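Heads up: the protein sequence lines correspond to chains A and B, in order.
Each residue of the first sequence is one higher than the one before, counting from 1143 in the numbering used here.
Each residue of the second sequence is one higher than the one before, counting from 149 in the numbering used here.
Check before you lean on any hint, since a few could be wrong.
DSSO-like mimics (lysine-lysine), calculated; alpha carbons at most 27 Å apart, straight line [claimed, not checked]: (1) B:Lys737 to B:Lys576; (2) A:Lys1407 to B:Lys576; (3) B:Lys856 to B:Lys565; (4) A:Lys1326 to B:Lys738; (5) A:Lys1412 to B:Lys795.
If you anchor each label on the Cβ, the simulated ranges turn out as follows [to be verified]: (6) B:Lys856 to A:Asn1419: 55 to 61 Å; (7) B:Arg752 to A:Asp1188: 58 to 64 Å; (8) B:Asp161 to A:Gly1182: 19 to 25 Å; (9) B:Lys856 to A:Glu1369: 32 to 38 Å; (10) A:Asp1198 to B:Asp251: 34 to 40 Å; (11) B:Ile516 to A:Glu1342: 57 to 63 Å; (12) A:Asp1279 to B:Glu855: 55 to 61 Å; (13) A:Asn1419 to B:Leu225: 55 to 61 Å; (14) B:Gln257 to A:Asn1163: 17 to 23 Å; (15) A:Glu1340 to B:Leu525: 55 to 61 Å; (16) A:Gly1294 to B:Arg752: 45 to 51 Å; (17) B:Ile201 to A:Gly1182: 22 to 28 Å; (18) A:Glu1340 to B:Lys566: 55 to 61 Å; (19) A:Asp1198 to B:Lys165: 36 to 42 Å.
Since the hints were made in silico from the structure, they are not lab data.
Just so you know, these numbers come straight off a predicted model, no measurement behind them.
Glycine is no exception: its CB is placed at the ideal position from the N, C-alpha and C atoms.
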Amino acid sequence: MVNSYRPKYLNEALKIRGEKNVIPLAGGTDLMVRFRNISGAIPKFDKPVLFIGHLDELKNIEIENNFVKIGSSTTLTSLLDSENIPSILKSAISNMAAPTIRNIGTIGGNICNASPAGDTLPPLYILDAKIVLSSIDNQRIIPIDKFIIGPGRNDLKDDELLTKILIPNKKFNKEFYKKLGTRKAMALSKISFAGLAEIEDDKIEDIRIAFGAVAPKIVRSRTIEQEIIGHNINEINELSYSIVKEYSEFICPIDDQRSSSIYRKQISIKLLDYFLNNLDNI
Amino acid sequence: MNEKISESIVRVDAHTKIGGQTKYVGDMKFDGMLYAKTVRSLHPRAKILSIDIPDIPDGYFIVDKNDVPGKNRVKILIYDQPFFAEGAVNYIGEPILLVVGPDRDIISQIISQIDIEYEPLPAVLTIEDALLENSPRIYGQDNCFVSHEYIKGEPDDAFANADKIIDGEYRTGYQEQLYIEPQGVIGIYENHRMTIYGSMQCPYYAHRAIAEGLGWSEDKVRVIQTTTGGAFGGKEEYPSLLSGQVAFASLKTKKPVKLVFDRDEDIQTTTKRHPSVIHHRTALDSNGTIIAADIDIKFDAGAYAGLSDVVLQRGMFCASGVYNIPNLRVRGRAVATNTVPNGAFRGFGAPQAFFAMDMQIEKIARIIGINSLDFRLKHALKKGDRTCTDGLLRHDVKIPEMMSRIEELSDIRDKIKKFKSQTGRIRKGIGLSMFYHGCGFTGNGEEIIHGTATLRKYPDSKVEILTSNVEMGQGALTAMRKIVAKSLEIPIEDVIYENPDTSRVPDSGPTVASRTTVIVGGLLKSAADELKQRWNEPGEIEVSKTYHHPKYIEWNQETMHGDAYPTYSWGINVVEVEVDTLTYEITPKKVWAIFDVGVPIDERMMRGQIEGGIVQGLGYGSIEVMENIGGKIQQGTITDYTIPTAKDVPEIVSEMLDNPYEYGPFGAKCSGELTLIGAAPALAAAVENALEIEINKIPVRPEELLEKMEL
Ligand SMILES: Cc1cc2nc3c(=O)[nH]c(=O)nc-3n(C[C@H](O)[C@H](O)[C@H](O)COP(=O)(O)OP(=O)(O)OC[C@H]3O[C@@H](n4cnc5c(N)ncnc54)[C@H](O)[C@@H]3O)c2cc1C
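Extracted from the complex, chain B is given alone in its bound form (with noise of 0.2 Å):
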């Protein structure tokens, strides 16, 4: 490999993923296997009081909490949640057993036939009734998981000698991932021996929950990634509960056990964005300049805490957008719910905070009367300013350029002016947004994790990849042969990289917080700079090597000061709109993006993200609507829950910056998050444009754009 590393290639997946030949966990079978279905609770949440269950054919079986040999508890970040329910149930959905046998027609009879008896308890089902006095206690003292606040610079003196204080409360809806694979594991016991097959992020999450939850030591396990269609983090954590599950059926047994879900399943009853609630305070100086805020996020964790704690961190370190604010005063809360438990998904906490922070500026902006684009350019982060957790910016930060190469290719000063005032049935509307994504694990958590990865070079001069990151569709086998290709200047034939076995792989980390390639490939490029000097050593040669920050990182994760994130990525994205009066429908017609992602590992990799990204933020910004009533998920199934198709892609025209990062493998930084942020934010922006009227919640619907414009 000797051309630019941006310069791209075929994907090494893509002929056997578009020519139908992968096999994924839905695809195997293994002698004697027996299929799993989940028996779920009703009720947001009760008492269980009985469970009746018929008498079962022979060779069927129910498995239970009692069938749980250790901890019944899936380590998360606490152990809150259950494998299976234990006396009573905390949201629609909630497993309580299973249903286990050779053929799915009968585990369907049998579930007909389990009589399970409530006591149904007062539920808890939104973040404003969880947070009420008098509502029913259903998590510590306050129905919060966790609280936290941090203070930059002095927040109370700016309020108290503020020339104005404008205030806006601003809300997100839930977003489902709806990867195309449904959630899937295979556990197979034998000989003392428990080995997983499953679609997932982090083999090493999952293997770590099944020992406990079996009670064994980690070395009596193993993990194997199969083949994962999709994730956006809905397969981060969650795969850990059903890895259990299905590890307790084949120990019980003795068979191999198969769980794979139905897609109205997964979609009422795994984790999904956090909804959110934010509420932004800023204090303005005489010159129209902001000297300080006060920002509030409420999140709905749902049921149990799951990563809801570090999804509002990163949503508290993305407050106050990419905006230099002296004064800033942040509260995070994770509201418990009785609902379905929300978890990880692309952005991670971020876009709820970006859309908020975004539209405050908007009305900012307008409130003083001055060009949104001036304002925003005018407060913008530049290297050497503080972040918003008193970290230092040691990097280039290109907003400047980004912002007048978009101002170019959209024209969206001249159009925010031309747009305005319109009288026809079909108007137009353009809007803006400006993002960044911290790179890797927030705070501290990297040093937490010091992931690992190794190299081997076999004696026929082939090397091998050895890390637990995972392919879901976002390139990783591709983009880390390149590098450990170019730099060993090998061909990329040569390079061996398998679905990770934890028997096999050392422990790098998860395949998550856009960290894969500048965090995971970042040591790649390291163990093969090193091989390269040993290349010529006689045998098997494996270098391995782990992540330390660098030394400049400072984070104290008490008082949220420091530097949350070694470096960030950044973007501009520039949505417009046609609105129709008649309908209220919103067409997407054309965006224009521009990224500093550092330097690309693939160009058309790195579209791939860009153009995915962009519509799943379209999607989350306008079409995709997910109610929960009562508990209970409205859009539940994939008729319902509508995400965009082709005809609903909008042209669009994206742009790379250069812009090195010196502790990226070939200077890249992260890339696969950041592209989902803007969109939505831009897309609401457009239509405040569009109709002159403030945009505070999203997803825009046509049915509250009635509600604003006519009723």
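So here's chain A without its partners, still in its complex pose (with noise of 0.2 Å):
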């Protein structure tokens, strides 16, 4: 018999997390494909699930010093319904699944899940978005890429649940996303690819790239993004060969049932060098 958990408060939630050996459910829409059953039986989950999908102090969205902070049980549709979240981020969620998983589905569950092809990550990855682990007597904050060490694996502790996500409130003026699924809507990632740029008087101010699901991790070197920064963007089509040259070492995608590695290899590629070509105008 496996129990489940319905705590009322999130220090309830982090008191059961820290004595029992629980599975946290918010949204459940990857974790009930993941543990469905035979035709007609209930899902099978191995340990007890924790249930915090409906916990309020886990689905506000405030502003505060500068950063954007969102509750981990945030269902993507309020995402997309808030003022505050930064477009790069909307634009990447308008394409995920299809309204009736967003209205259940959260961004703790999707980050937690830790998939390449995780939608909400390249743009999370370049917007410099921390994360805050909490459990009963502790906190951490760490960045995004540091949270997520590997294909569906995350350094989340047996006691700690994702509480918040926190996103520097920083402008930019370029961007640019793309989504490759295999159709319009309810399609998981072939490649995805998130681009931000800040650019004054033609000049490179800041500049990130992410790709996704093109590597067993979101792509996106700051060594390279400080090659480009500062150079002006009459002289990126000179510099693109050398930094497409560069991003391709870490893209090194497979073959699968979705799509082959050769056209996710040079699809990124491709948008990687309309992204740097177009800076003036997107």
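Join the two chains, each given in its own frame, into one complex according to the hints.
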């Protein structure tokens, strides 16, 4: 017999999390699929379930000290409806699943699931998002790229919950997001590309680039970004050959049932090239 | 009912289905009912050396080949497929045994402890492999379940005199029906009788298969169709296998037994549309007129013959498309491979054949430098012409009218030119496809079946329709009621039509081949006409009608000569797309469609068929990718096998042309399958137009466009 817990408050949830070996369940849109059972039978969880999707403390979006703070159980739909969410993250979310799944699936779930095809991840990486991990008597804040350690693997401790996502409140005047799925809705990414830049007087003040679904983890290289920053956009055409070459080393996609490695690699490079060469008109 | 027959009414099943009240087999429960789950082969071809069953708790059972009292073969066309594997398996997913019991979690546990030892044998996994000289023989001498050939005119002479010969090879992939409701049946053994409830198209197919499997006389078996949540051909022959399995399970356990598939299981192990390789060789004279064609069709049948013979024949009888080609040789083979058996799917061999022919037509027009629309029109069939099998087209063929209307609506003639030599990121393209569908069974099928339909008038003036044809979402319950109500001039509410129960209804043949409205509806129409004459007779009145082809039909099955179908429905589709050259994503922007289905029995239901068929066809042509690698379906889940969603559907403009068929009820011809055929080739032609490349394979994937354009 598998138990489940439905605490009223976050504190209670953290207490249960500290004492019992449980699986946190927010929207359940990943978990219900992962633990599906044979036709007509209820899902087969191997551990007790801790419900956290209903906790109000995990569902608000606030602006504080130049950060947007997002509760981990905020649904994808609520993020789309909020004025405070960076538009590149909204672009990604509006291309996820379909309204029904977005009404129940959460941002915390998408992050913890740690799929290389998780669509909120590339925007969160380039927004320099940090995440807050809480246990009953501790809290740590780490950058998202430190939290995700491999496909389906994260750095969550047994007594922790992801409670908040912090996004620095920085504006960019250029952004480009593209998701490629096998169809226009309800499709997992074959590739996703997220690019942000701040251009002033044709000078690249800041640029950030991430690729999803083309490597075991999201690809972002601060080193390469630093090499681009400071250049004039007119110089990009010349530079782009070497930039593309540098990124190529990190883009190591697989052949699978959704696409081919060649397609993923080539199109990732084309998207990068397109972003770099259109900084003046996107 | 006094309105014109085509005037739309609210479908009789609309409210209960939309309201969620309709019960499907998955919702049904019987006292003491047990559940069954199938244990399947993990190898494409292997001997089963041993099956190790754990100790199982009381009340749980294993049901396998030893529990088949009659013949362990599913009655389809030939008897080659066992209900349960007998010492060997021939495809991944082949059923070996059922675990049956009250608790599905315990069933899962038992299954996880069953250990099957195999000795893998060399397997044949593709059409090409199967036809190699030295490949393993998995069926007969040549790995073909059937080979057919027919000849019209003098193709050899014509090729010898040709000015130009053009070759093309075309490939089509799998397509999965993906009906919303997965396969499901319940078997109930009681008092030496077997009752089966199931989601199916052909209650009498299942009925006979069960009787033979049990070794019982047919009158001890009863099959009741449960409301069927989609089928598209996937519930034509396949439920016969499952019905047999639950019958044996119920006989053994003496309890009702329910078998409902998981979605993944359904995608991975049930019949699909046959992948094909079609070779065209076309001979032209010096005027650029087609004088002959040699067409070689190969369908991947999978591990068992199933319905492949007749699917192949329909494909062969569509091989030369809507074009009048005087000299023709058409060869067809249904090739055996160690893969999941393929079967019926809306279109039934026609979509593959029309895709190949349409692409070949585009190719020829390109090579000889003539506008493909004119080239098509120049060769289009007309009344009085001979069909590919030398049958006579006795009825009006309105291709010229349909063509000028679709040109007017879509502006295709100008757009084709305008879309040449584009340079920007987004390229537009437009393409056209012309096609037909032969109404009813292929060849002499209807004459073998002789379907019977009955009307019964009760003393309270209600009239019941008794046929074995089912509602599977297409609207049969409404269409048949309309035909009867209109003929008798009574309110539609006075017409009763229950889901068929073989203990109550005659065998009117299966619900397939776009035959229900035109053939069985026709029988009901003539029964109603007679009943109207006898309306005032006292007591209950019953009128039955049995189908016979119109007298004019001549068909020789041996030589495949004559009228393969009593009449044809026709269609022209135009698809406009945008291709993003950054990513090679294809976005259908708009579809125009014209159909000649005689007279539609209900205009809105017909539009439902048109829009559904077109969307299913667009999926077939683009995003419905299914590959078989090493005998294993790669896109085996609903996550990975992607059919169009609402967001993938473009605007669809459709029109219907009146062209009444004298032998169809109120002039109706066939319509269900026709609507799927044209979208895929029109989409492929549109991509050719947009990118100025040649497409010879569907689905057209961005991955392959990238290769063609850049690598
Ligand atoms: C039909 C369908 C379509 C989909 N389409 C997409 C898509 O397009 N793009 C995409 O990226 N994803 C997609 N998904 C996946 C899924 O919907 C998303 O990943 C969603 O954001 C998961 O959120 P959830 O709240 O439902 O997660 P859950 O299933 O509740 O949890 C997911 C994982 O995170 C853990 N978890 C959740 N919250 C916390 C927390 N606060 N602290 C610690 N651990 C936690 C859970 O234990 C579990 O391991 C799709 C899923 C379905 C069923």
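Hint check results:
no., hint, in the structure
1, B:Lys737 to B:Lys576, "holds, 9 Å"
2, A:Lys1407 to B:Lys576, "holds, 25 Å"
3, B:Lys856 to B:Lys565, "holds, 22 Å"
4, A:Lys1326 to B:Lys738, "holds, 16 Å"
5, A:Lys1412 to B:Lys795, "holds, 25 Å"
6, B:Lys856 to A:Asn1419: 55 to 61 Å, "violated, 24 Å"
7, B:Arg752 to A:Asp1188: 58 to 64 Å, "violated, 50 Å"
8, B:Asp161 to A:Gly1182: 19 to 25 Å, "holds, 24 Å"
9, B:Lys856 to A:Glu1369: 32 to 38 Å, "holds, 34 Å"
10, A:Asp1198 to B:Asp251: 34 to 40 Å, "holds, 38 Å"
11, B:Ile516 to A:Glu1342: 57 to 63 Å, "holds, 58 Å"
12, A:Asp1279 to B:Glu855: 55 to 61 Å, "holds, 57 Å"
13, A:Asn1419 to B:Leu225: 55 to 61 Å, "holds, 60 Å"
14, B:Gln257 to A:Asn1163: 17 to 23 Å, "holds, 22 Å"
15, A:Glu1340 to B:Leu525: 55 to 61 Å, "holds, 58 Å"
16, A:Gly1294 to B:Arg752: 45 to 51 Å, "holds, 47 Å"
17, B:Ile201 to A:Gly1182: 22 to 28 Å, "holds, 23 Å"
18, A:Glu1340 to B:Lys566: 55 to 61 Å, "violated, 40 Å"
19, A:Asp1198 to B:Lys165: 36 to 42 Å, "holds, 38 Å"
In this structure, the hints that do not hold are numbers 6, 7 and 18, in rising order.
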